[in-house]
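Listed below are the residues making up each chain.
Number of protein chains: 2
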Amino acid sequence: MNLESTISNLKYDANGLIPAIIVDAENKQVLMMAYMNAESLRMTFSTGKTHFWSRSRGEYWMKGQTSGHIQEVKAVYVDCDADTLLIEVIQHGAACHEGYRSCFYRKIEPDGEIKIIAEKIFDPSAVYGKNQPTSEQKSDK
Amino acid sequence: MNLESTISNLKYDANGLIPAIIVDAENKQVLMMAYMNAESLRMTFSTGKTHFWSRSRGEYWMKGQTSGHIQEVKAVYVDCDADTLLIEVIQHGAACHEGYRSCFYRKIEPDGEIKIIAEKIFDPSAVYGKNQPTSEQKSDK
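First to last, the sequence lines map onto chains A and B. To convert, take the position in the first sequence, counting from 1, and add 448; that gives our numbering. To convert, take the position in the second sequence, counting from 1, and add 448; that gives our numbering.
Calculated directly from the structure, the hints in this document are not laboratory data. Worth double-checking, as some hints may not be accurate.
[As the list claims (entries may be wrong)] Across the chosen pairs, the derived CB separations fall in these ranges:
(1) B:G577 x A:I564: 41 to 49 Å
(2) A:E567 x B:A530: 34 to 42 Å
(3) B:D461 x A:I565: 24 to 32 Å
(4) A:R503 x B:Q513: 31 to 39 Å
(5) A:S456 x B:S453: 23 to 31 Å
(6) B:G496 x A:S494: 40 to 48 Å
(7) B:D461 x A:I562: 17 to 25 Å
(8) A:E567 x B:D571: 25 to 33 Å
[What the hints assert, rightly or not] Pairs of lysine-lysine, DSS-like flavour, derived with a Cα cap of 30 Å:
(9) B:K568 x A:K563
(10) B:K522 x A:K476
(11) A:K563 x B:K555
(12) B:K563 x A:K563
(13) B:K476 x A:K522
(14) A:K497 x B:K497
(15) B:K476 x A:K563
(16) B:K476 x A:K459
(17) A:K563 x B:K459
(18) B:K522 x A:K522
(19) B:K555 x A:K459
(20) B:K497 x A:K476
(21) A:K476 x B:K476
(22) A:K497 x A:K555
(23) A:K555 x B:K563
(24) B:K568 x A:K522
(25) B:K568 x A:K459
(26) B:K497 x A:K555
(27) B:K476 x A:K497
(28) B:K563 x A:K459
Quick caveat: nothing in here was measured; it's all calculated off a predicted structure. Every residue gets a Cβ at the ideal spot worked out from N, C-alpha and C, and that includes glycine.
Could you build the full structure based on these sequences and the hints that come with them?
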């Protein structure tokens, strides 16, 4: 089994995508989830930095290519169905384009209230300027 | 903001689904990922146990309904895009229908080798009998 056949044997959806859960290798915090296709997974393995496929823009993006908030890949796992990836990374800066370490900075309380449970660690306007990334870009481009 | 409007305001895909990453509340390990629709999220909040929508069978399923390996919900988070959920649970037994605590029991090495990195904690045939669940059912039905 080489890397190419392993990548080919994963189960992609009708659009050729597979969700990738990104976790902080140090404290195991879930940082974000985004979509890869086979080619972005190849790029992730070959460069050691996470690459994704943007569904909204129809293009590849490396996490951190604008912000510098790259993710160094430490380990890649696949689930029992082979249709979801879990990737442990060293996160530089923050994963979320809103300025939070993790994209999951909001809790839904049982009464429906949405509560922010984390602190911003950077100012998005200082990092991205006026060209705010779209939500799917996370902190990129 | 009440729970119904919070659930309605989440971003579901074209099939009305939202991915839910399930994490062990105690050690933060990612256990599995499965899909919810608005109704299964309502059921999750109202019962305090995770409920999902099976894409393959077109029906609701409560995690653990056959195996007893239920997930008690401790906290629900939503990401910046409002299109992915992160749910912390107390996992009874194991999350994976293959007998592992987590569905992510296989590591993809840089050379493409797939290595099992966890120990089985139950025998699936003893829990499910001959009616093995399909992969999407995780450890259920």
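(Q) The hint says 25 to 33 Å between E567 (chain A) and D571 (chain B); measuring C-beta to C-beta, is that right? (A) Violated - the Cβ-Cβ distance for E567 (chain A) and D571 (chain B), about 45 Å, lies outside 25 to 33 Å.
Q. Do the beta carbons of G496 (chain B) and S494 (chain A) sit within 40 to 48 Å of each other?
A. holds, 44 Å
Q: Take a quick look at whether K497 (chain A) and K555 (chain A) sit within 30 Å of each other, Cα to Cα.
A: Measuring from Cα to Cα gives roughly 29 Å; hence the hint holds.
Q.
Just to be careful, I want the Cα atoms of K568 (chain B) and K563 (chain A) compared with a cutoff of 30 Å; is the pair within it?
A. With Cα atoms ~37 Å apart, K568 (chain B) and K563 (chain A) exceed 30 Å; violated.
Q: For the pair we were handed, K563 (chain B) and K459 (chain A), check the Cα-Cα distance against 30 Å.
A: Measuring from Cα to Cα gives roughly 18 Å; hence the hint holds.
Q) Are the Cα positions of K476 (chain B) and K563 (chain A) separated by 30 Å at most? A) holds, 20 Å
Q. Taken at face value, is the distance from the CA of K459 (chain A) to the CA of K476 (chain B) at most 30 Å?
A. Answer holds: K476 (chain B) to K459 (chain A) is near 26 Å, not above 30 Å.
Q: Could you grab the alpha-carbon distance between K522 (chain B) and K476 (chain A) and see if it respects the 30 Å cut-off?
A: Since the Cα atoms of K522 (chain B) and K476 (chain A) sit roughly 18 Å apart, the hinted pair holds (cutoff 30 Å).
Q) Is the straight-line distance between the alpha-carbon of K497 (chain B) and that of K555 (chain A) 30 Å or less? A) holds, 17 Å
Q.
Hint check: K476 (chain B) vs K522 (chain A), CA-CA at most 30 Å. Holds or violated?
A. holds, 18 Å
**Q.** Range hint compliance [Cβ, D461 (chain B) to I562 (chain A), 17 to 25 Å]
**A.** holds, 21 Å
Q) Taking only the CA atoms, is the gap from K563 (chain A) to K555 (chain B) under or equal to 30 Å? A) It is violated: about 35 Å lies between the C-alpha atoms, which goes past 30 Å.
The structure fails hints 2, 5, 8, 9, 11, 12, 14 and 23 (numbered hints given earlier, in ascending order).
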